[in-house]
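Novice: Let the hints inform the model, and build the full structure from the sequences given.
As you go down the protein sequences, you meet chains A and B in turn.
If you're matching positions, the first sequence starts at 8 in this note's numbering and goes up one per residue.
If you're matching positions, the second sequence starts at 1271 in this note's numbering and goes up one per residue.
Simulated from the structure, these hints should not be mistaken for lab results.
Accuracy of the hints is not assured; some may be wrong.
Across the chosen pairs, the derived CB separations fall in these ranges [stated by the list, open to error]:
{"hint": "1", "chain 1": "A", "residue 1": "H139", "chain 2": "B", "residue 2": "G1312", "range": "55 to 61 Å"}
{"hint": "2", "chain 1": "B", "residue 1": "K1332", "chain 2": "A", "residue 2": "R185", "range": "38 to 44 Å"}
{"hint": "3", "chain 1": "A", "residue 1": "R224", "chain 2": "B", "residue 2": "P1510", "range": "24 to 30 Å"}
{"hint": "4", "chain 1": "B", "residue 1": "S1346", "chain 2": "A", "residue 2": "F172", "range": "37 to 43 Å"}
{"hint": "5", "chain 1": "A", "residue 1": "R25", "chain 2": "B", "residue 2": "A1467", "range": "54 to 60 Å"}
{"hint": "6", "chain 1": "B", "residue 1": "G1302", "chain 2": "A", "residue 2": "I373", "range": "32 to 38 Å"}
{"hint": "7", "chain 1": "B", "residue 1": "G1315", "chain 2": "A", "residue 2": "T57", "range": "53 to 59 Å"}
{"hint": "8", "chain 1": "B", "residue 1": "A1555", "chain 2": "A", "residue 2": "V121", "range": "38 to 44 Å"}
{"hint": "9", "chain 1": "B", "residue 1": "A1555", "chain 2": "A", "residue 2": "E141", "range": "44 to 50 Å"}
{"hint": "10", "chain 1": "B", "residue 1": "A1555", "chain 2": "A", "residue 2": "K142", "range": "48 to 54 Å"}
{"hint": "11", "chain 1": "B", "residue 1": "T1326", "chain 2": "A", "residue 2": "K174", "range": "43 to 49 Å"}
{"hint": "12", "chain 1": "A", "residue 1": "R224", "chain 2": "B", "residue 2": "K1332", "range": "31 to 37 Å"}
Okay, derived cross-link-like pairs now, DSS-like style, lysine-lysine, Cα gap no bigger than 30 Å in a straight line [what the hints assert, rightly or not]:
{"hint": "13", "chain 1": "A", "residue 1": "K142", "chain 2": "A", "residue 2": "K67"}
{"hint": "14", "chain 1": "A", "residue 1": "K250", "chain 2": "A", "residue 2": "K88"}
{"hint": "15", "chain 1": "B", "residue 1": "K1377", "chain 2": "A", "residue 2": "K181"}
{"hint": "16", "chain 1": "B", "residue 1": "K1513", "chain 2": "A", "residue 2": "K142"}
{"hint": "17", "chain 1": "B", "residue 1": "K1545", "chain 2": "A", "residue 2": "K253"}
{"hint": "18", "chain 1": "A", "residue 1": "K383", "chain 2": "A", "residue 2": "K298"}
{"hint": "19", "chain 1": "B", "residue 1": "K1297", "chain 2": "A", "residue 2": "K250"}
From the structure, some residues in chain A lie toward chain B, with a derived Cβ separation under 7 Å [unchecked claim]:
{"hint": "20", "residue": "D220"}
{"hint": "21", "residue": "A221"}
{"hint": "22", "residue": "K250"}
{"hint": "23", "residue": "H276"}
{"hint": "24", "residue": "D287"}
Cβ coordinates follow ideal geometry from the N, Cα and C atoms, glycine included.
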Amino acid sequence: MRLHEYQAKSIFSNHGIRVPRGKLAKNLEEVRKIVEELGEEVVLKAQVLTGGRGKAGGIKKAKSAEEAIEHSKNMFGKNIKGLTINKIYIEELIEVERELYLGFTYDGLNKSIVMLISTFGGMDIEDIAAQHPEKIIRKTIDPLIGFWDFLIREALYELEIPKKFFKPIASIAKKLYRVFIDYEAELCEINPLAITKDGDICALDARLNIDDDALYRNPDFIKLKDYSQMEPLERTAEEKGLKYVKLSGDIGLIAAGAGMGMATADYIHNFGGNPANFFDIGGATPEIVKKSFELLLQDSRLKVIFVNVLGGLTRCDWIAKGLIEAFNDLKVRLPVVIRLSGTNEYEGREILIRHIQENDLKGVFIVESMEEGAKKAVEISKGG
Amino acid sequence: MAIIVDDNSRVIVQGITGREGSFHTKKMIEYGTNIVGGVTPGKGGSEIYGVPVFNTVADAVKETKADTTITFVPPSVGADAVLEAINAGVEKIVCITDGIPLHDGLKICRASVYNNTILIGPNTPGIISPSKAVVGLMPTHIFLEGNVGILSRSGSLIYQMSYDLTKKGIGQSTVIGIGGDRVTGLSIIEVLQRFEADKQTDVIVLIGEIGGREEETAARFIKENITKPVVGYIVGLTAPPGKRMGHAGAIIEGVGGSAESKIKSLNEAGVKVGKTMAEVAEIVAKLLKR
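Specialist: What follows is the structure, given as structure tokens:
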């Protein structure tokens, strides 16, 4: 779960990291009030949960309330990468001497936490890594031993940062590490971390991604979730507890297992079709199968649905029962291609085939393999 | 031979009296796995499917001399169960639990390294050495004993790959799921080393997926250290960046971790990568004929 900049900044600030003075505006009236309150040059920052806001016109400077309102008019309701701007965070403008990057994340390969620090602040960390790999210092932190001063000291010597900044930067690094641990973050980043003209250190931007699997231990964050920043079908899926990701095509997919979900979309692609979604219903009950159909039927782009099950934990007889319920209770007008094998496949196929024959369902096709199913679905999607 | 588990394994089940734990215990016993006991706090002294239940892993190890455990517990106590097993000196741990918090995962995977424990998972379907033992939740009827070693992060792909091979009459030495989480215990490289050393294994199938950079690292390792033929399949070609595709670890972040990058690394290491799993099975069949 990714937090908005203003939410992350409030947390950083509560942990003693200096951030610019700022407030959140939801309409033009609030923009005027906040700019007058801050009483100097300000920065307006669109609160959308994606990177690259600056280039997309989501960050603007203003010298007066009027100018701020003009910019805000161009921001509110506009989209950045498909996400609507409905909040603008307004901050005092900070005079910057130098920009750094500082972040903590995990390193799966080394089973550890990693601190990243660079003198190329303000750029995307991936771009720094690509263009100036020697300017990023990575320090591996053992999760069982924790973060110690020597790590940051080594990094600052390697980056040739003036000695007078060692103490304040080390202090911020330790505070940020505390946030990373206390909030069970996947990523926690200050970019840029500014050395200001008056010699202070200040977090100009803030990013905090919290581990979804740990939200049960940090329940206060659940209510911070901004559903307006989610794709509507993905939002519905999440509310129903379904593992669904929207893709750009016209072939609806339902598969059992995460790997199979991805493979099914890849097969469709390899056979010349376009998958409309990823969908993992591993271990599904008949009720979940029906719910999955309810969700896909809301997607007007679809020309066909392909159900691909090789059940381990997933029982084919349950999938069949769910499919029959969906055919009976929902208006399934789309062709449906079904591959059903694995645990209890004979029972599952038998009840499904009987239902298809008894009800003379012409648009339902049972196939023998994943390849056959993918090819059939692609053929139907192309009008075949 | 085979790797990690076989008919000599002495296996206990943590969470043996729970719904999932008891269901799969029965299946594992039916397949012939030597299940010697189980653990459920508060149920010590009872019995299930003819095996004794203990209150703690330490008790179970003391009484049964178990060397392997499989954990069927909810995510909130997933790390606790693994640490209990490490602390009790169990050599091999299969952690089925899906949804263990990242920071817990980091700690248990590190702890397994320091204690020389083989930790499979978290979020693994388990491991099967066909005709010898299954420590996991695989549908056993699709496997066949043979000489192909398979490793994957995903359960469902293990099933599809084994199914495609078995259909061609090609059997498997050991099939292992290393887990779909962002941080897992046993790495791809450690599994490759074991397959390389295993006399029963002649060909290795590596099924990778988007996210992280383990496949890329493994590709370099294969080039330098593996003499047996390796065939690859990478899933997630159509996954958009920044989206979690079912597995916690299956997410493309930044420039690394895409399917293309992994396929490229494997090709550069001389690994043939199939476009579908049926194609992988074809390649394996050709290799075995030589």
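Novice: Hint by hint, note whether the structure agrees.
Specialist: Hints, verified against the model:
1. H139(A) to G1312(B): 55 to 61 Å: 57 Å, holds
2. K1332(B) to R185(A): 38 to 44 Å: 41 Å, holds
3. R224(A) to P1510(B): 24 to 30 Å: Since the Cβ atoms of R224(A) and P1510(B) sit about 29 Å apart, the hinted range of 24 to 30 Å holds.
4. S1346(B) to F172(A): 37 to 43 Å: Holds, at about 42 Å.
5. R25(A) to A1467(B): 54 to 60 Å: 55 Å, holds
6. G1302(B) to I373(A): 32 to 38 Å: Between G1302(B) and I373(A), where Cβ atoms are some 34 Å apart, the hint holds.
7. G1315(B) to T57(A): 53 to 59 Å: 57 Å, holds
8. A1555(B) to V121(A): 38 to 44 Å: 42 Å, holds
9. A1555(B) to E141(A): 44 to 50 Å: With Cβ atoms ~47 Å apart, the hint holds.
10. A1555(B) to K142(A): 48 to 54 Å: About 49 Å separates the Cβ atoms of A1555(B) and K142(A), which means 48 to 54 Å holds.
11. T1326(B) to K174(A): 43 to 49 Å: Holds, since T1326(B) and K174(A) (Cβ atoms, about 48 Å apart) stay within the stated range.
12. R224(A) to K1332(B): 31 to 37 Å: 33 Å, holds
13. K142(A) to K67(A): This hinted pair holds, its Cα atoms lying about 28 Å apart.
14. K250(A) to K88(A): 22 Å, holds
15. K1377(B) to K181(A): It holds: about 20 Å lies between the C-alpha atoms, which stays within 30 Å.
16. K1513(B) to K142(A): Holds, at about 29 Å.
17. K1545(B) to K253(A): 23 Å, holds
18. K383(A) to K298(A): 24 Å, holds
19. K1297(B) to K250(A): Judged against 30 Å, a Cα distance of about 28 Å means the pair holds.
20. D220: 5 Å, holds
21. A221: 4 Å, holds
22. K250: 5 Å, holds
23. H276: Cβ of H276(A) sits 5 Å from chain B, so the hint holds.
24. D287: D287(A) check passes; min Cβ-Cβ to chain B is 4 Å, inside 7 Å.
In summary, the structure agrees with every hint in the numbered list given earlier.
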